[in-house]
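Participant: For the record, the sequence lines run as chains A and B.
The numbering used here applies: residue 1 is where the first sequence begins, and numbers increase by one.
The numbering used here applies: residue 1 is where the second sequence begins, and numbers increase by one.
Keep in mind that a hint or two might mislead.
Copies of the same chain are indistinguishable here, so a pair counts whether it falls within one copy or spans any two.
[Said to hold, decoys possible] Result set (DMTMM-like, lysine to aspartate or glutamate): computed pairs, CA atoms no more than 25 Å apart in a straight line:
# : residue 1 : residue 2
1 : Lys116    : Glu220
2 : Lys67     : Glu98
3 : Lys300    : Glu375
4 : Lys223    : Asp81
5 : Lys67     : Asp81
6 : Lys254    : Asp25
7 : Lys377    : Asp227
8 : Lys47     : Glu185
FYI, nobody ran anything at the bench for these hints, they're computed from the structure.
2 protein chains.
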Amino acid sequence: MLSPSPWPALRVTYFVTAPNQADLDARVESLLLEQTVELPRVALRDKFVLENIVGRLVSVEAMDADKHRVIIDFPIIATADDPAQFLNVLFGNSSIQEHVMLADFDLPSDWPGRKKTLPGPQFGIAGLRKIVGVPERALTSTALKPIGLSNERIAQLCGLFAQAGIDIIKDDHGLANHSFHPFIERVRACQKAVRDSNRASGRRSIYVPNLTGTPSVVLEQLKVAQDEGVGAVMIAPMLMGLPFLTEIVAQHAKVPIVGHPSFGGATRIAPELLYGKLFPLYGSDATIFANFGGRFAYSKETCGRIARAMTQPSIPGLTPTLPMPAGGIKYSQVADVLSFYGREVILLIGGGLYEAGDDQALRTRAGEFVRHVAEFKK
Amino acid sequence: MLSPSPWPALRVTYFVTAPNQADLDARVESLLLEQTVELPRVALRDKFVLENIVGRLVSVEAMDADKHRVIIDFPIIATADDPAQFLNVLFGNSSIQEHVMLADFDLPSDWPGRKKTLPGPQFGIAGLRKIVGVPERALTSTALKPIGLSNERIAQLCGLFAQAGIDIIKDDHGLANHSFHPFIERVRACQKAVRDSNRASGRRSIYVPNLTGTPSVVLEQLKVAQDEGVGAVMIAPMLMGLPFLTEIVAQHAKVPIVGHPSFGGATRIAPELLYGKLFPLYGSDATIFANFGGRFAYSKETCGRIARAMTQPSIPGLTPTLPMPAGGIKYSQVADVLSFYGREVILLIGGGLYEAGDDQALRTRAGEFVRHVAEFKK
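All chains should be modelled from the sequences, with the hints used to inform the complete structure.
Facilitator: Here's what the structure looks like:
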């Protein structure tokens, strides 16, 4: 083990599996080199490179028979203050090695380029709560779906949910600029529906359109959506590229960003890191992730860690953001889910509402969902 | 099983693990719904949606005790002719389900929006061969590395490799716009080095800079690089977002794109699909992937399938592209690797050259590598 790194260090934790000590040593040495110099140590002849670029091993600790917690310091200068190169240093080539999982990282406290490189979310918990006018209780959310409806029908559903009092009414992530529900007309129709409902109720429900496409298309959609006065927008950063998110936040977004996990994959990045830390660090104000007990496999413990990573960010100065557990939450589970997450949460229920039946039943259930959350005392 | 789909279908193959028939049935039903409507079947009340949006099961076939090949047709209209939504339909939410692996897909032959949505590579094998002036033999490639050298030193290495006769001299994927080797000066210095060498030798070696950053930064870098006359550029689509690649190719690139696998992860997408089919379909003219027997875990069979997917694309009308196996190919393995891939390949050796020793040894080994490939007869 070396002495502490002489430079501001990006401290990265990997879980490395290895059947024996020799393989473990080789895999650790490979990690030290792969993320920056990508050369065998014997081929490193430059003094500056050896002293200032190669990773330094902090610790190796056995977790079980063949799994080890490996902590490495990489010089923050290796990231070039570039949000794409930052990911490269974290988990570029090593992501292709099946024996490595990216578990966590800590930024150096003295990284002058941090705010320029990774500005983080602009709104976070406080900003979102202000927009929907809900200072304390958990927030409610549902999705407009499925793909294939007419814009008229989607806007009708949007109005129905707003009238029921749901705070955040978002497009399903599959709602793109389809011919049967083109983006611009959908945004206009849904905005009109929430405006009309809000005017009547005095509430501040928001409609959140899904932005999708290549970067120039997404930026056009963002402009349209903001001109129409939407309360937030949704983006799937793993589809669009995480670095793009920082550009949207720093240069274009005047409203909060809801991050969607699509294409996030079982990427060998710990979900509490990917959704709980990376999405917010790249600018997501509220992040959707797969809740325990639903259609996806995360445990209760993992979901707790994801939520805590968002509401109590370990990165100093990073704005706290809202967890948005989803993916098969049943209407009957609302109390349990609320007890688990507490009030700093957006409860997102889609199918669990739609299952209710016709519009009358849907309206009733959505209203009960809203009341349930409003009346919940932990 | 249903009758064949009544609409042009995106036919997707998943490998689904399930411990028993009931779980398998539930997981297949979930896949049919998750990728488009994302609602329980009971909540689907719209006739158009039921008939035209929900996936149709084509077949389920046991592969072994708990692994099954599941083939599903999704209506191509669900993709909205959007390259991001295309990925959503392929593997959006299901990517988060650990029991599902995306194995393959086939485009419908009658998809009018195909060329607009996914134009594919502009240059491919023929275009790249023309640029480097090598009609038949395998192409040679190496990387400029490590991060941390001066631009002067990087350009010196670039010149050395060009003089040794290497066709494609690329930046290491970790070379960003670092303060110690800023992008613009690096591109100018390396371009001068290859130009000078080519003028003396009559060869057409090319320098390939690595583009990295947020979309607007990458487009600026592309412009600089093209203005300086580079032969191709390198991009890591999983870092930048695959949809961005299509925009680069369709609207900005006048040179071939080399796709780098960084952040590609063990994403539960079969590597022959991710690198062999998706990267080219999104516009990569040559794609780097982890060769067998090196620092990464792909088998010889997988690498063969990756290479064949590129050189003999199964998608009608898609330009054939060049496989670029890499990642720990030893100098001594060149003959074996050549025998395996044949001549439609770019052999990329980095560390295996740099290990040789000082510049004299490096020049000698690079020259031998070039001769070896030139003289190879299958």
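Participant: As a check of your reading, is Lys254 near Asp25 (CA-CA no more than 25 Å) within one copy, between copies, both or neither?
Facilitator: Cα proximity of Lys254 and Asp25: none, with 49 Å in one copy and 45 Å across.
Participant: With 25 Å as the alpha-carbon cut-off, assign the pair Lys377 and Asp227 to within, between, both or neither.
Facilitator: Answer is neither: 38 Å inside a copy and 64 Å across each miss the 25 Å cutoff.
Participant: Classify it for me, Lys47 with Glu185: is the Cα-Cα distance of at most 25 Å met within a copy, between copies, both or neither?
Facilitator: between (60 Å within a copy, 22 Å between copies)
Participant: First find the shortest C-alpha distance between Lys67 and Asp81 inside one copy, then the shortest across copies, and answer within, between, both or neither for a cut-off of 25 Å.
Facilitator: neither (32 Å within a copy, 44 Å between copies)
Participant: Within a copy, between copies, both or neither: where do Lys223 and Asp81 come within 25 Å Cα-Cα?
Facilitator: Between. Shortest inter-copy distance 21 Å satisfies the 25 Å Cα cut-off; intra-copy 27 Å does not.
Participant: How do Lys300 and Glu375 come out at 25 Å by Cα distance, when the copy is not named: within, between, both, or neither?
Facilitator: within (24 Å within a copy, 61 Å between copies)
Participant: Between Lys67 and Glu98, at a C-alpha cutoff of 25 Å, which is it: within one copy, between copies, both, or neither?
Facilitator: Result: close both inside a copy and across copies, 13 Å intra and 19 Å inter.
Participant: Given identical chains, is Lys116 near Glu220, meaning Cα to Cα at most 25 Å, within a copy, between copies, both, or neither?
Facilitator: This pair counts as both: shortest intra-copy Cα distance 24 Å, inter-copy 18 Å.
Taken one by one, the earlier hints fail for this structure at numbers 5, 6, 7, listed in ascending order.
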